[in-house]
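From first to last, the protein sequence lines stand for chains F and X. Going by our numbering, 193 is the number at position 193 of the first sequence; the sequence numbering is gapless. Going by our numbering, 26 is the number at position 26 of the second sequence; the sequence numbering is gapless.
Take these hints with a grain of salt, some might be off.
Calculated lysine-lysine pairs in the BS3-like style (CA-CA distance at most 30 Å, straight line) [claimed, not checked]: (1) F:Lys-559 / F:Lys-457; (2) X:Lys-51 / F:Lys-406; (3) X:Lys-62 / F:Lys-388; (4) X:Lys-51 / F:Lys-245; (5) X:Lys-28 / F:Lys-314; (6) X:Lys-51 / F:Lys-311.
Just so you know, the hints here were simulated from the structure itself, not pulled from any lab data.
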Amino acid sequence: MATEEKTEREALRIGVYVCHCGLNIAGTVNCEEVSHFAAALPHVVVAKDNRYACSDQGQELIKKDIKEHELNRIVVASCSPRLHEPTFRKACEEAGLNKYLFEMANIREHCSWVHLHEKEKATEKAKDLVKAAVAKVALLEPATETEVQILRKAMVIGAGIAGIQAALDLADTGYKVYLVEKEPSIGGRMAQIDKTFPTMDCSICILAPKMSDVGRHPNIELFTNSEVQEVKGHIGNFKVKVLKKPRYVTHDCSACGDCVEACPVTAPNEFDVGLATRRAIYTPFAQAVPSTYIIDRDMCLNKEGLMACDKCLKACEREAIDFDMQPETLELEVGTIIVATGAEVHDPSSLLNYGYTQYPNVITSLEFERLINAGGPSGGNLIRPSDKKIPDSVAFIQCVGSRSEKGKHYCSNVCCMNTIKDSLLIKEHWPQVKIYVFYVDIRAFGKGFEDLYRRAKEEGVIFIRGLPAEIVENHKTHDLWLIGENTLQKELYRVNVGMAVLSVGIEPCQDSGVIQRLFTLSRTPDGFFMEAHPKLRPVDAPTGGIFLAGCAESPKDIKDSVTQASAAAARAGILMAQGKVTVEAITPIPIPENCRVCGLCAQVCPYNAIIVDKERKLVKVAEAACAGCGTCGAECQFEALHMRHFTNAQITAQIDALTEEHADEKIIAFCCNWCSYAGADFAGVSRMQYPPNVRIIRTMCSGRVSPAFVEHAFARGAGAVLVAGCHPGDCHYIDANYQTQKRIERLWKKMEGLGIDKERLQLLWASASEGERVASKIREMQATLNKLTPEEVEKSRAVFARNHGRG
Amino acid sequence: MPGTMDGVDVSQKLWRKPLDAEKVKLTKAKIQIITDLCKGCGFCIEFCPKKVLERSDQINKKGAYPPRVVDEGKCAMCGFCTAICPDFAIYTVEKTCEGSSKDGEDK
Numbered sequence: 001m002a003t004e005e006k007t008e009r010e011a012l013r014i015g016v017y018v019c020h021c022g023l024n025i026a027g028t029v030n031c032e033e034v035s036h037f038a039a040a041l042p043h044v045v046v047a048k049d050n051r052y053a054c055s056d057q058g059q060e061l062i063k064k065d066i067k068e069h070e071l072n073r074i075v076v077a078s079c080s081p082r083l084h085e086p087t088f089r090k091a092c093e094e095a096g097l098n099k100y101l102f103e104m105a106n107i108r109e110h111c112s113w114v115h116l117h118e119k120e121k122a123t124e125k126a127k128d129l130v131k132a133a134v135a136k137v138a139l140l141e142p143a144t145e146t147e148v149q150i151l152r153k154a155m156v157i158g159a160g161i162a163g164i165q166a167a168l169d170l171a172d173t174g175y176k177v178y179l180v181e182k183e184p185s186i187g188g189r190m191a192q193i194d195k196t197f198p199t200m201d202c203s204i205c206i207l208a209p210k211m212s213d214v215g216r217h218p219n220i221e222l223f224t225n226s227e228v229q230e231v232k233g234h235i236g237n238f239k240v241k242v243l244k245k246p247r248y249v250t251h252d253c254s255a256c257g258d259c260v261e262a263c264p265v266t267a268p269n270e271f272d273v274g275l276a277t278r279r280a281i282y283t284p285f286a287q288a289v290p291s292t293y294i295i296d297r298d299m300c301l302n303k304e305g306l307m308a309c310d311k312c313l314k315a316c317e318r319e320a321i322d323f324d325m326q327p328e329t330l331e332l333e334v335g336t337i338i339v340a341t342g343a344e345v346h347d348p349s350s351l352l353n354y355g356y357t358q359y360p361n362v363i364t365s366l367e368f369e370r371l372i373n374a375g376g377p378s379g380g381n382l383i384r385p386s387d388k389k390i391p392d393s394v395a396f397i398q399c400v401g402s403r404s405e406k407g408k409h410y411c412s413n414v415c416c417m418n419t420i421k422d423s424l425l426i427k428e429h430w431p432q433v434k435i436y437v438f439y440v441d442i443r444a445f446g447k448g449f450e451d452l453y454r455r456a457k458e459e460g461v462i463f464i465r466g467l468p469a470e471i472v473e474n475h476k477t478h479d480l481w482l483i484g485e486n487t488l489q490k491e492l493y494r495v496n497v498g499m500a501v502l503s504v505g506i507e508p509c510q511d512s513g514v515i516q517r518l519f520t521l522s523r524t525p526d527g528f529f530m531e532a533h534p535k536l537r538p539v540d541a542p543t544g545g546i547f548l549a550g551c552a553e554s555p556k557d558i559k560d561s562v563t564q565a566s567a568a569a570a571r572a573g574i575l576m577a578q579g580k581v582t583v584e585a586i587t588p589i590p591i592p593e594n595c596r597v598c599g600l601c602a603q604v605c606p607y608n609a610i611i612v613d614k615e616r617k618l619v620k621v622a623e624a625a626c627a628g629c630g631t632c633g634a635e636c637q638f639e640a641l642h643m644r645h646f647t648n649a650q651i652t653a654q655i656d657a658l659t660e661e662h663a664d665e666k667i668i669a670f671c672c673n674w675c676s677y678a679g680a681d682f683a684g685v686s687r688m689q690y691p692p693n694v695r696i697i698r699t700m701c702s703g704r705v706s707p708a709f710v711e712h713a714f715a716r717g718a719g720a721v722l723v724a725g726c727h728p729g730d731c732h733y734i735d736a737n738y739q740t741q742k743r744i745e746r747l748w749k750k751m752e753g754l755g756i757d758k759e760r761l762q763l764l765w766a767s768a769s770e771g772e773r774v775a776s777k778i779r780e781m782q783a784t785l786n787k788l789t790p791e792e793v794e795k796s797r798a799v800f801a802r803n804h805g806r807g
Numbered sequence: 001m002p003g004t005m006d007g008v009d010v011s012q013k014l015w016r017k018p019l020d021a022e023k024v025k026l027t028k029a030k031i032q033i034i035t036d037l038c039k040g041c042g043f044c045i046e047f048c049p050k051k052v053l054e055r056s057d058q059i060n061k062k063g064a065y066p067p068r069v070v071d072e073g074k075c076a077m078c079g080f081c082t083a084i085c086p087d088f089a090i091y092t093v094e095k096t097c098e099g100s101s102k103d104g105e106d107k
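Just chain F, same shape as in the assembly (with noise of 0.2 Å):
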């Protein structure tokens, strides 16, 4: 790479590739024109055009122009850089030249595709692009990107059966791994199930075997009852806090039980949702993993130092009962984190309707789940809690909790199953029974799926489109009315059975908030954790290092949770494998002189990836925690950070290349990477036309977006500026983009106050998608133009100018 920095401060030479893109540009944009044009600016050397620039001919004349010319910059006007950016990058790398050296113009999507009918509007705009693109490779540095190691050992949080499964996948490929779980045993929600569908093998019995290979695996360091209680680094190096909350009972517990007998104080146990009991003393379920016992201080008699009782300690014959266990705080340090978290089931006692908690025989699948099972309360027998007498008849209501606006609005994925699965449960057993399905849409969307529901129907169990709007408890034999509206025959429907089944949906954890601000997350409106990408990225998160599996992410059945923790363990694995990850040079790099350790652009760091030491008076930047979005760079005020390859100088260049002539006509738009910019593609690729006034430049993130450049562009005349970013929550840089709306809030009450027409600056939330709102943006930001006069320009001109420079 040393090679590649010869060209630091020699003389400018710079190269100009104008792409004809077959006849995708030169349709339209008169290419020769532009490449004449770009030839008279200042440094440019060589400037041609050419048929297809990405072509091999393309590069090799590019590779071959660097080399003759002894060109130290290259610009190719040609489509987006989203598109051709590495291909050009490699070309230039490839004749010697660092790639942080090249910049493109994007006169396709951003310019022919869409003034297809206004060809010399197109030319003169292209001209615009690739000045401003000179401008902003004559600024441009070098950059080595810098190389993070990666610690080859992995955490997972949560030990349900995804994380279970991701543990296990990296454990056996040979990294170490710690499983942190709250609970005091390992399986989670699928060790409560009785059955899985649609194969209807039982649920502990393939589950125990996974949680017994997890308490064995030399690999794996377990541990339970824990917590995480702080994370810090990064990707490749994360410093875990883990809680480990005492057990009471020490490791030479056997298991054996005898302290059970002994304890005198009885409460209903979580595991069977309370259908059952247990003892202050206690191990949630026969398979627990660790098999071993654990004192719930909340109800042991010992409460507040005070010792009580002792009749487990005189039961254990084995000494392995200490009340003076402590809490322990384990530093952990790991490369990769796999965040399992998991989900809750929603609770019904609200939706006071269908009576849940005021009448006995009202029952939610999750409790249904522990009373067929065999080892349950009920030892398998389908007995309602009112009498113990098996019913003659049971309804299931699904969608409770899920797409209501009483609950939650989107679909929880597994409860059309379960329920079909549950039906075939009683027929197997209970042929007699009635049963009764009330639903709004059946969802049988997997493999084996429909042929279960097919099953179901066939058995016998009647499907009735249409919710019970109410249930209605006869109160001397505890039976149920259900009431409503069969919505396929248009009738009334009031049906009596002996027992009902809410089929409750799946609702984030309730301490999810916690888990995202601990490991840096963001979560979609539903509350669940959200991917990187949700196509092409959908284990990882949007923070380096860390990736998310099961119902964590969204809800989903045992299948898609193993499914998604093995690919989430491969990310991880990939990672690790490499042992390390190069980091591009696009994040800031403070300038001491400058700073005044003020510290907002650590606090306005989405990654927390700055670091204030006010004593030393110095900021410093954890380059491998930082995604390189320079909302920091836009929020400080003494440009006391440089941001690598959206520098200030370059921005600046950019909007004064483009502002030089007519700018009083001009849209200055700034667009984020991931959204805004992307969607001003879509709009290029779908040909939606709007005028060719406006001209983008490219932050990665709209929070990169410093009000003194929209001032700047005020100053330089600028007849409008947009500032476009992803929509709020889906932000590429987890929340910079509400840095962004902050500050042109900010910028609109000073626009007001010096007497400025607001409307000249908008702000737009477009997703990669958006194409459409793009255009229609543009177009109604030249409506604005149309009526703007010079009176009014030369005001925001010379307002600007006068306020400008802050400091």
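Mind docking chain X on chain F? Use the hints.
Only chain X this time, still in chain F's reference frame:
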């Protein structure tokens, strides 16, 4: 509705009376108080982990107010009252006839 149901502490979330609540064999206690030995220190009342006792309004021979049983069904027979009573005035014995009294209903 947190409280007790047949001697089982239930919480808001796990509201249902466990199916095996009646089958749970906990030793039922008979609390014996030798009222005239009591000097009314109140340790047993204060430290009973199940809060089974309260101060009575009957004066004893020593001129003290001995404890009285509020809810014998809640007694877990841990024997802590016996251990901390300075005057050997309280002890518990196991009830022999099982299930004869229906105490310990929810409050």
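Going down the list of hints, with the structure as the test:
| no. | hint | in the structure |
| --- | --- | --- |
| 1 | F:Lys-559 / F:Lys-457 | holds, 24 Å |
| 2 | X:Lys-51 / F:Lys-406 | violated, 41 Å |
| 3 | X:Lys-62 / F:Lys-388 | violated, 53 Å |
| 4 | X:Lys-51 / F:Lys-245 | holds, 28 Å |
| 5 | X:Lys-28 / F:Lys-314 | holds, 19 Å |
| 6 | X:Lys-51 / F:Lys-311 | holds, 19 Å |
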